[in-house]
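Taking the hints into account, I'd like the entire structure generated from these sequences.
Chains as they are written, first to last, in the working numbering: chain A, 1 to 180; chain B, 1 to 975.
Read the hints as simulated data drawn from the structure, not as lab findings.
These numbers come from a predicted model, not from an experiment.
Any given hint could turn out to be false.
As the list claims (entries may be wrong) - Only part of the chain A face toward chain B is listed, based on derived beta-carbon distances under 10 Å:
1) His51
2) Ser52
3) Ser58
4) Ala91
5) Gly92
6) Met110
7) Pro113
8) Lys119
9) His122
10) Val124
11) Leu130
12) Leu132
13) Val144
14) His147
15) Leu179
Ideal placement from N, C-alpha and C gives every residue a C-beta, glycine not left out.
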Amino acid sequence: MDECNLDKNEHLNNSAPCVSRRNFLLAGASTFVLSTMPGMAHAFKLIVKEHSPLRVASLSQLTEGNPVEFMFPLDNPMSSFTLVKLGERGAGGVGKDQDIVAFSNLCTHMGGPLNGSYKAKHKVLGPCPLHLTTFDLTRHGMVVSGHATQTLPQARLEIMGDDVYITGVMGLIYGQAGLI
Amino acid sequence: MSNKMVNKSETEVLLPPKNVEVFTTACDYCITGCGYKVYRWPVGESGKPTPEGNAFNALYPVGPLSGQWISENQHNVVDVDGKKHNVVIVADKDTKVVNVGGDHSIRGGTIAKKCYNPDSPTKDRLKYPQVRINGKLERISWDDAIDIMAEISNYTIEKYGVSSWAMKMFSYQYWENTHALTKLAFQGVQTPAWAVHDQPTGHGPDTPGMSDAGIDNFSACYEDWSLADVLFIAGTDPFESKTIIFNEWILPAMRRGMKVITVMPRKTAGVAYAEKLGGLYLEINPGTDTLLLNAMARIIVENGWEDSEFVNKWINNRAELDQEVFQADGFDDYKRWVTTYKYAELDIAVEKTGISAEDIYKAAEMLARPNEDGSRKKASFGFEKGLYWSNNYANTAAITALGLICGAGNRPGQVISRFGGHQRGMMPGGHYPEHLAPEKFPGWKKQGIDLDRWVEEGKAKFVWVVGTTWIQAMTASKRLKDKIHNLTSGHTYQPSKLDKDHIIETFKQRMDNDGMVMVDQDIYPVKPINTELADIVLPASGWGEEDLTRANGERRIRLYSKFNDSPGESLPDWKIAAMFAKRMGYSGFDWKDSNEVFEDAAFYNKNRRTSYVALVEYARKHGRRAHELLRDMGTTGIQAPVRWEDGKLVGTKRLHDSTLRTGTPTGLTAINPSWLRKFKTKTGRANLLKANWEMFGDYWEFMKPRENELWVTTGRINELWQSGFDDQMRRPYIKERWPDNWLEIHPEDAKVRGIESGDRVLISNDRIPIEIGGYSKSEQDRKVRGVVPLQANADIDEVDLLAQVVDHQHVTTDGIRASGMGNPDIIESDELLMTMDPVERPLRNKPTDSNNASIPDDPDADPIMKHLESAIGMKWEDVKPMTFGEMQKNGYIELESASFEAVAIVTDAVKKGVSFTYFNLPSSVGATNSLAGRVLDPVSQRPRYKLARGEVKKIGESEYKHSLAQMSFKSRNIV
Ligand code: SF4
Ligand code: FES
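And the structure:
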């Protein structure tokens with residue numbers, strides 16, 4: 001595949017995800033690529049391990065502020081995600097309004113479960129039940145307030161028709177010894 | 001599909017292999033002092049995610065709270081004897097103290113990125129000594145730098161007296177360093193022109209109202225914060241700035257039912273969560289704590305809710321003088337005062353604090369109302385800078401009095417203590433020569449030199465700055481900055497060639513022409529102190545680059561191990577001080593390594609809360625080095641005062657601990673000061689102080705916002721440490737979160753100003769009061785500021801008295817005979833010194849009645865702050881000339897203007913009418929502290945940093961407003 005353009009301006013402005021149709025269809029399991037998404041700041045988080053796309057939600061059933069959870073990859077019991085339609089543009093967001101995002105449910109402080117903690121009013125995940133860290137889902141999982149030593153891993157999503165697919169994960173999920 | 005641009009290290013965690021070298025240390029940053037481990041191994045190898053394959057014996061993926069996961073920010077590559085090594089630096093998962101189980105904040109959690117790595121943003125570390133030639137810094141050798149400094153130091157000391165030689169230094173960056181630097185200043189040069197990073201005068205108690213009550217401000221242990229039924233917190237959210245004290249001690253206790261009352265103008269996560277769990281949030285107007293605390297005390301006393309059993313046993317009941325301002329003559333006198341004093345009335349408290357009468361009453365009730373069955377709730381009181389840096393003496397006196405009547409101060413879970421800011425890293429190498437300082441209160445006690453004013457008045461000729469931004473860290477007055485510039489890099493006399501003699505000659509000429517020479521010692525270029533102002537810039541080494549020690553907020557001493565090279569020719573601060581001292585011919589600086597400094601310093605510190613002379617004695621008796629003993633103790637360390645009892649070293653969990661049982665002392669030095677079990681007064685009982693509003697009220701009225709102004713208060717935030725030199729400036733992960741300075745503003749205040757989150761705003765004020773002058777020896781200076789003639793004493797042949805008594809003659813084969821060593825009274829009672837003393841004594845009216853109850857216990861006093869520490873016995877006529885109104889009337893106040901820029905965050909986490917900003921980010925436009933007035937507390941001479949007001953105007957949109965890449969504008973109170 002062609003590596004996406006890592007030019008700073010490209011990912012600071014709100015260009016559409018550069019993963020092209022062709023990439024999507026060709027994406028195989030377990031290769032690492034450099035990818036970019038709107039609003040993504042630095043190279044570390046741009047590294048994505050590509051997977052065969054997994055369908056995780058349908059557009060028509062997603063409503064603003066009501067998150068859905070899914071496991072990814074399916075064979076990894078320690079890797080659950082929250083997918084949500086923010087109702088406001090988010091970094092890495094997909095959909096017409098670029099407001100559909102998904103993030104790991106494991107707090108990158110010490111692995112607290114963030115399941116069910118989405119705050120629709122603030123568009124944050126958290127507070128973590130262990131030590132109260134909150135993550136800004138409009139800002140690629142940046143810590144709002146708290147202790148995590150890296151941003152919350154974000155899913156790379158794609159839409160085909162009414163289906164939302166996850167094609168990879170950016171950033172290290174808590175507990176793992178490598179990108180998943 | 002290609003993966004050629006992706007390194008393996010970016011897709012996999014670099015795990016420490018089995019059997020790598022492990023070093024213990026503690027976090028370099030906040031007071032909490034979390035225990036850390038450094039795993040180090042040569043570049044090239046890496047561990048495997050199976051138990052046999054890594055140093056943690058872990059099978060990955062690991063579960064929550066395992067303490068075994070490593071994020072990208074916890075790894076770095078460093079030099080060890082010039083060879084590249086990996087380091088993984090993580091909180092110690094095995095620790096049972098402080099950060100139990102390897103908990104950490106975002107600050108310490110990313111500390112691996114602090115290490116010097118030329119391929120990272122730390123590459124601009126200072127590496128070589130430099131001198132400013134024609135305005136540009138150029139490299140010179142250490143020898144030349146020290147020669148130049150010594151030559152001009154001798155010149156100025158001889159010609160202008162010791163007080164023309166000044167030092168402004170950090171108070172916290174490790175004992176070995178602060179000991180060497182203060183030994184140089186106090187025993188070598190013997191100058192009173194010395195101040196620490198956050199105080200204009202010689203180091204004194206941060207919380208004088210508490211010291212005068214007889215309570216050590218770090219008397220509690222962390223466990224105490226989890227043992228109360230009700231915890232009262234003022235002026236801080238521990239979640240934000242001493243994170244692990246919150247996470248590991250306060251939070252679990254709240255979940256078990258402890259109620260937390262927080263007094264703050266701003267609701268951050270810890271405050272909001274406490275409220276959610278049944279606590280109480282008192283949203284206070286800045287600076288009004290005394291009124292709130294007095295009103296609460298009155299409610300308690302009026303209802304008879306005080307802990308009378310405790311009060312009867314533990315409160316002093318005699319006052320020193322009839323006209324005494326502060327000390328109550330026992331509880332009855334306090335009760336009379338608080339129930340009749342105007343500024344303890346509920347109505348006044350409601351009006352000024354902005355807190356409802358119901359909430360004030362409820363807070364008093366939660367703390368002190370006995371349970372149905374007559375039993376009492378355990379109440380503890382913790383506070384920090386929002387309280388004591390807005391109204392220093394009265395606020396600390398008021399919270400202590402409130403705590404005491406609730407029965408707190410000397411029992412598990414019933415404590416009164418600071419939480420702390422920096423770790424406790426001051427290790428005095430002598431005592432502050434207050435007799436050489438020119439100012440004192442009329443008829444009463446001496447004051448240390450206010451170094452900012454001293455410099456502005458042109459009294460300093462040589463200033464050595466160590467590890468502080470100085471200007472922004474203090475009140476950032478424009479006057480100080482302009483003045484320093486005019487005296488140094490803006491002065492006519494500038495070296496024009498890299499020639500030692502020429503440089504020395506030019507500096508002497510500058511000094512003779514009303515100029516000043518400035519040396520700055522730091523680890524990075526710092527704006528403007530060494531980038532624009534200093535003449536000589538010295539590179540220091542720091543955390544992880546030398547074996548160093550200090551204590552945390554529960555007096556826990558640890559060894560902070562060296563594990564990597566320090567860059568270039570940089571040296572530890574103690575070594576630089578020693579090099580200079582030896583070049584000056586001072587004795588007592590012949591240390592071979594940092595352990596020798598540590599062992600020497602023990603004898604000066606024998607009577608202080610961080611006493612560890614027993615550790616040194618034990619080490620020598622067993623043929624060990626004291627640092628090595630500490631290394632054995634790892635991240636657990638030992639809590640000071642360290643005692644040697646029944647053959648074992650024992651730590652001291654809390655001070656003034658009425659439940660403490662000690663053993664039989666071993667060794668020659670019994671460490672058993674009375675304040676281990678009792679309060680720090682002559683009688684061992686505590687003093688109730690009457691927190692007086694009149695000494696501060698006129699200033700508060702002046703500082704409160706006018707018309708369309710807002711309060712502009714400052715503080716810390718979880719994600720940043722200090723001036724951001726490590727993280728906000730050099731850690732991409734953190735810089736992304738906080739790329740710039742910001743201002744939190746309430747939605748209603750924002751709306752009327754047309755401000756939205758992400759807008760760039762200008763915060764300004766053109767009526768900032770600045771205290772000036774006072775050193776002219778005019779009639780008025782003499783009367784109002786108590787200025788006494790200061791004699792140049794360069795011609796007095798001074799003997800190094802303290803060094804004589806402290807030297808190694810006390811070391812015997814049995815150990816060390818420390819009795820009589822390091823006792824500050826040695827100097828005070830010395831006949832010789834008395835005759836050399838150029839100023840009148842005694843420095844205060846010491847009553848002759850030895851039964852008198854109220855004098856802080858002299859033998860236990862801190863040598864560095866002797867005679868500067870107490871307001872007991874002060875009369876109103878002593879205090880009055882130093883109040884704002886009087887100072888203004890007498891021409892000691894000037895009004896200045898200042899402004900700074902920030903990115904607006906509109907949030908209801910901050911009180912309406914109040915705005916909040918970070919206290920010191922040198923990378924921002926303008927200094928936030930510059931809006932704070934520079935008018936010192938009349939009693940303690942401490943600044944009131946947290947009080948400022950200003951107009952807030954939108955000046956545009958920041959680049960972050962529409963970017964999704966950097967900076968979050970979400971509220972910090974989401975729970
Ligand atoms: S709480 Fe303080 S000491 Fe502990 S890791 Fe954080 S900054 Fe370091
Ligand atoms: S594990 Fe989430 S805040 Fe600690």
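A quick look at each hint next to the structure:
Contact between histidine 51/A and chain B, as hinted, is not supported at the beta carbon level, the nearest pair being about 13 Å apart and thus beyond 10 Å. Taking 10 Å as the C-beta contact cut-off toward chain B, the hint placing serine 52/A at the interface is violated, the least distance being around 13 Å. Among the interface hints, the one on serine 58/A is violated; its C-beta lies about 25 Å from the nearest C-beta in chain B, farther than the 10 Å criterion. Taking 10 Å as the C-beta contact cut-off toward chain B, the hint placing alanine 91/A at the interface holds, the least distance being around 4 Å.
Among the interface hints, the one on glycine 92/A holds; its C-beta lies about 8 Å from the nearest C-beta in chain B, closer than the 10 Å criterion. Contact between methionine 110/A and chain B, as hinted, is supported at the beta carbon level, the nearest pair being about 5 Å apart and thus within 10 Å. For proline 113/A, the interface hint holds, the least distance from its beta-carbon to any beta-carbon of chain B being 7 Å, beneath 10 Å. This hint holds: lysine 119/A has a C-beta 6 Å from the nearest C-beta of chain B, less than the 10 Å allowed.
Hint status for histidine 122/A relative to chain B: holds, with the closest Cβ pair at about 5 Å, below 10 Å. With a cut of 10 Å, the hint placing valine 124/A at the interface with chain B holds, because the nearest CB-to-CB distance is about 6 Å. At its closest, the beta carbon of leucine 130/A sits 7 Å from a beta carbon of chain B; the interface hint therefore holds under the 10 Å criterion. Because the beta carbon of leucine 132/A sits about 5 Å from the nearest beta carbon in chain B, less than 10 Å, this interface hint is met.
Given the 10 Å rule on beta carbons, the hint for valine 144/A holds: about 4 Å separates it from the nearest Cβ of chain B. This hint holds: histidine 147/A has a C-beta 5 Å from the nearest C-beta of chain B, less than the 10 Å allowed. For the restraint placing leucine 179/A at the interface with chain B, the shortest Cβ-Cβ distance is roughly 5 Å, inside the 10 Å limit, so the hint holds.
In the structure shown, a violation is registered for the earlier hints numbered 1, 2, 3, in ascending order.
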